[in-house]
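Colleague: Using the sequences and the hints given, assemble the complete structure.
Protein chains in written order, with numbering that gives the first Met the number 0: chain A, 0 to 121; chain B, 0 to 121.
Keep in mind the hints are simulated off the structure, nothing from the lab. One or more hints might be untrue.
[Stated by the list, open to error] Simulated pairs of lysine to any residue, SDA-like, Cα-Cα distance not exceeding 20 Å:
#, chain 1, residue 1, chain 2, residue 2
1, B, Lys46, A, Glu23
2, B, Lys55, A, Asn4
3, B, Lys46, A, Cys68
4, A, Lys34, A, Lys46
5, A, Lys34, B, Cys64
6, B, Lys34, A, Cys64
7, A, Lys50, B, Arg67
8, A, Lys55, A, Gln96
9, A, Lys46, B, Glu23
10, A, Lys46, B, Arg24
11, B, Lys36, B, Pro25
12, A, Lys55, B, Gly113
13, A, Lys55, B, Arg3
14, B, Lys50, A, Asp66
15, B, Lys50, B, Arg3
16, B, Lys34, B, Lys55
17, A, Lys46, B, Asp66
18, A, Lys36, A, Ile88
2 protein chains.
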Amino acid sequence: MTNRNLPGDPAPYYQAHVFCCVNERPAGHPRGCCKSKGAEALRNYMKARAKELGLKDVRINQSGCLDRCELGPTMVIYPEGVWYSYRSIEEAEEILQTHLIGGQRVERLMLQQGDKLPQDRK
Amino acid sequence: MTNRNLPGDPAPYYQAHVFCCVNERPAGHPRGCCKSKGAEALRNYMKARAKELGLKDVRINQSGCLDRCELGPTMVIYPEGVWYSYRSIEEAEEILQTHLIGGQRVERLMLQQGDKLPQDRK
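Modeller: As structure tokens, this is what we get:
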């Protein structure tokens with residue numbers, strides 16, 4: 000349940016629903032895009048690895064532009080609404096293990112409200 | 000907050016984050032696909048209309064396959080995790096007005112856990 004739920008809403012269809020931005024902008028666009036930073040391969044890894052790990056009721060989707068392009072590649076995990084900036088297979092694996100399996104957070108990769116880069120990348 | 004949130008999670012970046020499936024399968028696929036049922040035009044309407052209505056902190060995204068193809072076109076609205084099957088501009092508008100603006104539900108179009116078609120379409 001979230002604070003936007005109403006009585007009578009169905010139970011969650013997926014326990015965790017992950018959206019990985021794979022949006023592509025024209026080359027040279029000032030905001031950049033997730034696709035040019037390897038988002039597609041990272042998303043494909045997330046999807047294949049979630050299957051391999053047997054994660055139940057977890058769905059790894061690709062999405063259009065999540066509008067946090069400068070911080071990309073980005074993903075958001077619902078219903079908790081936690082965002083990550085991830086740039087490598089190792090970071091994708093850490094998010095799978097720590098967040099999706101462990102229920103914890105990879106804090107150094109999390110995006111904060113004010114559109115800042117994760118702490119170790121400032 | 001959801002029951003998957005942890006202390007220290009950032010505030011929601013979007014108040015409502017809508018994912019409209021626009022996935023395309025090859026013609027004749029037994030599950031069908033949202034795109035062949037007009038999903039792209041419906042998603043474009045949702046996006047343009049949300050802007051026109053001035054909905055703040057609402058994001059209308061396209062997504063890959065949400066895996067409820069038989070019920071499509073489908074969308075899911077997070078963080079509440081409410082799913083809809085919608086087939087026309089009028090239904091898209093009703094979801095905008097009733098759910099995204101009014102905070103209520105378009106109950107007859109909602110998907111239930113057991114993959115059933117919305118009530119008026121059985």
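Colleague: Please verify whether A/Lys55 and A/Gln96 have alpha carbons no more than 20 Å apart.
Modeller: Holds, because 14 Å separates the two Cα atoms, which is no more than 20 Å.
Colleague: Has the given pair, A/Lys34 with A/Lys46, been kept, meaning a C-alpha gap of at most 20 Å?
Modeller: OK: A/Lys34 and A/Lys46 at ~16 Å, within 20 Å.
Colleague: When you check the alpha-carbon spacing of A/Lys46 and B/Arg24, does it fall within 20 Å?
Modeller: holds (18 Å)
Colleague: Within 20 Å, alpha carbon to alpha carbon, are A/Lys55 and B/Arg3?
Modeller: holds (16 Å)
Colleague: Taken at face value, is the distance from the CA of A/Cys64 to the CA of B/Lys34 at most 20 Å?
Modeller: holds (18 Å)
Colleague: With the threshold set at 20 Å, check whether the alpha-carbon distance from B/Lys46 to A/Glu23 stays at or below it.
Modeller: Status holds; Cα separation ~18 Å.
Colleague: With the threshold set at 20 Å, check whether the alpha-carbon distance from A/Lys46 to B/Glu23 stays at or below it.
Modeller: holds (18 Å)
Colleague: Would the pair B/Lys50 and A/Asp66 pass a check requiring their Cα atoms to be no farther apart than 20 Å?
Modeller: holds (14 Å)
Colleague: For the pair we were handed, B/Lys34 and B/Lys55, check the Cα-Cα distance against 20 Å.
Modeller: Judged against 20 Å, a Cα distance of about 27 Å means the pair is violated.
Colleague: Need the status of pair B/Lys46, A/Cys68: alpha-carbon distance at most 20 Å?
Modeller: holds (18 Å)
Colleague: Mind checking the alpha carbons of A/Lys34 and B/Cys64 for me, to see if they're no more than 20 Å apart?
Modeller: OK: A/Lys34 and B/Cys64 at ~18 Å, within 20 Å.
Colleague: Taking 20 Å as the top limit, are the C-alpha atoms of B/Lys50 and B/Arg3 close enough?
Modeller: violated (30 Å)
The structure does not agree with the numbered hints 15 and 16 stated previously, though it agrees with the rest.
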